[in-house]
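Order-wise, the sequence lines are chains A and B. Each residue of the first sequence is one higher than the last, beginning at 1 in the working numbering. Each residue of the second sequence is one higher than the last, beginning at 325 in the working numbering.
No wet-lab data here; the hints were simulated from the structure. These numbers come from a predicted model, not from an experiment. Each hint can be trusted.
A partial selection of chain A residues facing chain B, derived with a Cβ cut-off under 7 angstroms:
#1 V134
#2 G143
#3 I286
#4 G287
#5 E288
#6 L291
#7 A303
Yeah, the Cβ is synthetic: ideal placement off N, Cα and C, and Gly gets one too.
There are 2 protein chains.
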Amino acid sequence: MRTLTIGLLGCGTVGRGFVELLDAERSRIRARYGLELHVTRILVRDLSRERAGVAAELLTTAPLDVVDGDCDVVVELIGGTHTAGTLVRRAIASGRHVVTANKALLAAAGAELFDDAVRRGVEIGFEASVCGGVPVIGALRRGFSGDSIESIRGVLNGTSNYVLCRMDEGLSLADAVSCAQELGFAEADPTLDLSGEDAAQKLAILAQLAFGEGVRRASVSGIASLRTADLRRARRNGEVIRLVAEARRVPGGVELEVGPRRLPAGDPLATVRDEQNAVIIRGRAIGEVTLSGRGAGSLPTAAAVMSDVIAIGISSRAGARLVA
Amino acid sequence: MRTLTIGLLGCGTVGRGFVELLDAERSRIRARYGLELHVTRILVRDLSRERAGVAAELLTTAPLDVVDGDCDVVVELIGGTHTAGTLVRRAIASGRHVVTANKALLAAAGAELFDDAVRRGVEIGFEASVCGGVPVIGALRRGFSGDSIESIRGVLNGTSNYVLCRMDEGLSLADAVSCAQELGFAEADPTLDLSGEDAAQKLAILAQLAFGEGVRRASVSGIASLRTADLRRARRNGEVIRLVAEARRVPGGVELEVGPRRLPAGDPLATVRDEQNAVIIRGRAIGEVTLSGRGAGSLPTAAAVMSDVIAIGISSRAGARLVA
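Work the whole structure out from these sequences, hints included.
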């Protein structure tokens with residue numbers, strides 16, 4: 001049995017989900033992978049807040065208690081680029097592995113962080129940064145490693161898709177957004193989702209993995225200016241409007257585009273329901289592979305984080321890779 | 325740059341696809357993974373047969389020239405359980421990694437081979453054994469490692485699905501099978517596909533990965549006794565018939581079932597077209613994730629083999645895991 005110690009940065013929705021999931025899965029992970037996962041410190045903003053299921057003595061408001069403390073892996077779930085970036089860089093520099101769900105940080109500084117990690121011989125897991133529990137990062141990193149990828153096309157923002165599905169049923173954009181907020185699918189400020197920026201960040205991460213160099217953002221637009229009548233008009237033509245993120249090879253590189261698109265009802269992306277995500281990866285040899293599922297939420301995202309933590313735990317031992 | 329030497333057992337459809345794909349992807353694999361993949365010997369049955377693109381001096385009819393020869397990885401593509409099993413055991417015993425597309429061998433002797441491999445500190449890659457280029461093995465081994473899997477449900481046999489789609493259009497079973505044979509989707513003897521046995525073998529591999537112990541086969545039936553009128557009747561009720569493979573937890577273990585099922589037209593498996601495959605994995609935390617794509621064919625299967633070879637090449641070097 002090997003113990004892997006974990007420093008947790010952030011105890012919001014995903015952080016609490018991670019602690020809850022670890023409690024539920026601890027004995028299975030022990031039996032299956034021979035791994036004892038142990039959270040040693042948890043960074044929070046406010047010590048006084050009630051957090052059911054989280055051991056109060058692990059909490060700290062001092063980031064360096066976590067990052068410089070006793071941990072093999074730093075799990076970064078605070079989001080944003082500034083503080084998160086500083087802490088992730090410090091963790092890597094001191095030889096700690098990093099698992100992050102932070103798409104903004106990776107979209108902004110991924111290449112630099114990955115270079116740092118290679119130099120320090122540590123790993124960065126980021127399955128949770130795109131499409132929650134849908135293992136699209138793993139598919140690109142490993143499943144498609146033997147093939148040249150030609151294009152990636154997907155519905156990467158669950159909030160927008162939920163809003164479009166409600167508008168398709170007749171709600172106004174404002175009412176659909178309220179509805180999404182009530183159900184927890186949209187932030188108080190939904191700008192990042194509705195503008196297409198969240199989908200563009202996720203697409204940038206996927207494209208970086210799939211194509212490496214030469215990726216360039218062509219255009220990003222969202223659904224904020226759509227009206228219910230636009231969806232009704234599309235519907236009359238047998239079409240559905242979806243916020244589509246697409247990366248494809250063009251002469252001299254790869255272009256990224258995000259925007260609302262009218263799709264024939266038979267398009268695989270037209271059938272993506274509510275807050276679901278779907279990604280279609282087209283490889284030269286493999287053809288099209290579609291992955292779909294819940295792209296967000298506390299437990300799905302926490303499970304993606306957990307899968308990266310386990311992979312790091314396994315890969316640091318000899319001969320045990322097989323059973324993973 | 326690290327060189328990984330490969331001994332290839334078999335040069336049929338997938339074997340030739342592997343050689344072709346390696347030629348096409350060699351420079352990308354070199355640049356991206358720092359890996360030089362080098363096929364050292366190829367086992368064939370008949371030296372005199374014409375094989376475009378395959379270097380004749382690599383061919384041999386003596387299995388031990390390959391398995392005992394200069395290779396880090398043995399890629400087993402001959403199929404069947406007897407000879408393939410003997411050669412795979414010998415490769416593992418001599419410390420070679422193994423990559424195989426052989427679902428019959430894994431369904432029959434997987435647990436024993438995996439134990440051998442762990443003892444010898446080598447890896448067995450088998451992404452190609454289920455659903456060709458659709459990375460479902462990777463999803464179960466890694467993406468879902470943090471979650472408890474509750475069920476697996478899928479269309480795992482492309483031949484049967486192709487036949488059902490043609491029968492749905494009015495063809496008889498016999499004509500639909502001929503059609504599949506002409507297009508290369510069905511073997512001269514399609515029994516293994518039509519009986520549900522091929523799907524059952526694949527399901528057994530997935531269930532072993534997902535659930536480990538306690539997996540038991542409840543019932544396996546195929547589509548050989550279906551008639552076009554059955555599909556017509558289902559269609560009139562808004563239903564579609566698919567050959568569904570399902571593994572789910574029951575008291576005391578996990579039960580596997582394969583058989584033709586009537587599905588509502590909105591079921592994700594009802595929309596699986598022609599020779600496509602689809603797998604729906606349900607995790608307790610993650611919910612349902614669907615993976616779909618071409619489940620067979622020379623190049624998709626070869627690409628799955630290649631992804632395992634690359635993973636082995638990468639994991640035997642320190643610090644380079646990240647860029648994969």
